[in-house]
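Protein chains: 2
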Amino acid sequence: MRCIKCKKEAEVRLRSPKVGFCSEHFLEYFLRQVERAVKKFKMLSPGQKVLVAVSGGKDSIVLWDAILSLGYEAEGLHIDLGLGEYSEASRDACLQFARNNGTKLYVVSFPANTRKSIAEIARNARLPNCSVCGVIRRHLMNILAEATGHRVVATGHNLDDEAAALLGNILNWQTGYLARQHPHLPAYGRYFPARIKPLVRLSEREILSYCRLRGLNYYEGRCPFARGASSLVYKRIIEELEEEMPGTKHRFLFGFLKEERKRFVITSLEMKECRICHHPTTSEVCVFCRLMQKAGIEPNLPYNPEIFTPESVLESTGERRD
Amino acid sequence: MRCIKCKKEAEVRLRSPKVGFCSEHFLEYFLRQVERAVKKFKMLSPGQKVLVAVSGGKDSIVLWDAILSLGYEAEGLHIDLGLGEYSEASRDACLQFARNNGTKLYVVSFPANTRKSIAEIARNARLPNCSVCGVIRRHLMNILAEATGHRVVATGHNLDDEAAALLGNILNWQTGYLARQHPHLPAYGRYFPARIKPLVRLSEREILSYCRLRGLNYYEGRCPFARGASSLVYKRIIEELEEEMPGTKHRFLFGFLKEERKRFVITSLEMKECRICHHPTTSEVCVFCRLMQKAGIEPNLPYNPEIFTPESVLESTGERRD
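Heads up: the protein sequence lines correspond to chains X and E, in order. Taking the working numbering, the leading residue of the first sequence gets 345, the next gets one more, and so forth. Taking the working numbering, the leading residue of the second sequence gets 345, the next gets one more, and so forth.
Accuracy of the hints is not assured; some may be wrong.
What the hints assert, rightly or not - In silico DMTMM-like pairs for lysine to aspartate or glutamate, Cα to Cα no more than 20 Å straight-line: (1) X:Lys579 / E:Glu583; (2) X:Lys384 / X:Glu368; (3) E:Lys393 / E:Glu490; (4) E:Lys448 / E:Glu419; (5) E:Lys606 / X:Glu417; (6) E:Lys386 / E:Glu355; (7) X:Lys579 / E:Glu588; (8) E:Lys383 / E:Glu417; (9) X:Lys448 / X:Glu464; (10) X:Lys579 / E:Glu584; (11) X:Lys606 / E:Glu419; (12) X:Lys383 / X:Asp436; (13) E:Lys448 / E:Glu650; (14) E:Lys606 / X:Glu604; (15) E:Lys384 / E:Glu604; (16) X:Lys362 / X:Glu564; (17) E:Lys579 / X:Glu588; (18) E:Lys448 / E:Glu417; (19) X:Lys448 / X:Glu419; (20) X:Lys448 / X:Glu650; (21) E:Lys579 / X:Glu584; (22) X:Lys362 / X:Glu372; (23) E:Lys579 / X:Glu587; (24) E:Lys393 / E:Glu379; (25) X:Lys362 / X:Glu604; (26) X:Lys579 / E:Glu604; (27) X:Lys579 / X:Glu603; (28) X:Lys602 / X:Glu379; (29) E:Lys579 / X:Glu583; (30) X:Lys606 / E:Glu604; (31) X:Lys393 / X:Glu419; (32) E:Lys448 / E:Glu464; (33) E:Lys638 / E:Glu464; (34) X:Lys602 / E:Glu604; (35) E:Lys602 / X:Glu604; (36) X:Lys460 / X:Asp424.
Everything labelled a hint here was simulated from the structure, so no lab data went into it.
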């Protein structure tokens with residue numbers, strides 16, 4: 345197969361549409377897809393400042409790289425969840441990217457502030473680890489965005505993630521989640537920054553190709569909690585469907601976003617202010633504060649981040665990974 | 345595992361809910377599920393006469409048996425689509441059941457009336473065989489119901505069929521089909537009988553167990569057109585999901601029927617009368633008549649069925665299969 349643009353030997357082959365690209369034109373195609381998502385869903389205005397939530401995995405590292413390549417001002421935020429080796433390696437990957445690209449990175453450690461682990465909090469609340477972790481990450485993202493003067497937070501969710509989440513929400517008719525599933529959730533009040541997903545048009549395979557061609561390092565480890573997660577089942581299923589009927593992921597997700605999502609949107613939901621943290625919520629006390637109370641943690645901790653400027657990043661990582 | 349009712353050794357084990365049944369109590373459970381579907385979706389009033397569309401496969405044979413066991417008056421309708429050996433064996437299975445149960449069976453042959461094959465008509469219309477076959481079967485079902493004085497036609501669609509169809513319709517956002525997917529589509533005018541699916545609560549596995557325990561013969565062959573059909577992919581996928589998360593099929597389908605389907609129902613669709621056959625349609629000429637015209641077939645053929653009364657069935661099948 346040859347590159348559809350310049351007829352050189354193809355470096356990357358896409359399945360749907362069935363085309364090949366040389367290295368240069370694949371990267372061009374990739375960034376164009378990011379830009380298309382940004383424009384289509386009105387995620388950012390030209391040159392707007394964005395806080396990239398980086399886990400250190402391939403998706404968020406690629407997101408940060410692509411957003412910077414497109415000329416946006418993009419600082420990183422890494423939330424350290426205290427999961428041992430997994431968290432250390434994740435954090436290192438973020439620091440390395442920040443250093444290599446001369447960008448600022450905020451690192452906030454949840455257990456360093458609370459002295460409790462996610463697993464303990466989940467046990468206390470009798471909830472799955474992944475749900476608790478999701479609530480905590482979102483809350484910390486919101487706090488840190490506010491503290492660092494950002495109105496937009498970008499996350500690395502890709503086409504596979506979004507199609508799989510949609511499948512799960514549909515199979516279980518989680519209509520509340522369906523209403524809120526969108527690549528751009530607008531900002532709300534002082535404490536909810538806009539949340540955007542600029543990689544929503546790109547599949548996991550395309551992201552891996554981008555990583556390879558750009559020579560990006562990322563941490564390949566999988567979260568120790570993820571084993572048995574239903575999200576992994578949905579991802580496998582979506583991938584099988586894509587194998588059998590190329591284009592299914594895209595058709596399913598974008599068909600939903602274009603016409604069907606509005607059927608699930610509830611306009612009558614009344615937003616209140618959490619009595620404790622003042623973040624928007626639909627109940628008296630938000631889910632995060634309720635979790636903290638159950639675990640005997642003061643909900644309004646300061647969560648001061650470590651700030652790695654290009655210079656300090658250089659010091660903190662030394663020569664370890666280059 | 346033991347029978348949940350009488351503690352005898354279990355003959356059948358269900359996965360969701362995880363219970364066992366002895367032979368007697370499984371059959372009781374099975375018929376109760378059929379009765380529940382019939383009542384819940386107001387399919388039939390007590391003792392009502394119903395025309396069972398029988399292909400000769402396990403689902404429709406079980407349906408016919410269950411409906412008779414529940415005390416309804418149920419005649420059979422078999423549509424012969426002229427697919428060689430497959431059609432002959434299918435027809436034989438229907439005749440055998442009719443004879444064994446002393447019930448009336450109508451058999452109508454599509455190609456005997458039209459002298460054209462499904463494949464030819466599909467080629468002419470540039471449509472997939474399965475779509476064309478579906479249109480023809482539905483039209484013949486409606487014609488024969490009217491001709492034989494039936495207002496209700498029952499089909500053997502089971503839980504797996506319905507969940508898989510729902511998945512396919514959702515993945516491709518076929519919202520027109522979503523609006524019409526229901527175990528009981530009410531009668532409309534003279535030519536549309538009600539269409540009911542009394543096996544909608546029962547899985548393929550449960551139907552196979554019922555067949556085995558009741559000693560029912562059916563034709564196991566698969567339609568020669570079915571190979572590569574996307575419906576088979578969706579069924580496989582639904583089964584995989586059920587394996588991983590027992591109860592998914594039921595939750596997905598009945599969640600849809602209970603709350604979500606109404607989001608897709610369009611009330612503004614104007615029904616007309618087909619200029620040629622006078623059946624209800626949304627366009628000037630219905631899909632069936634358009635297909636026939638394209639293939640050079642007179643749309644209003646009489647389609648007189650062969651009628652097998654208990655006595656004639658006995659003659660026509662001889663001693664071949666008992």
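Looking at the structure, which of the earlier hints fail to hold?
2, 5, 6, 9, 11, 12, 16, 25, 26, 27, 32
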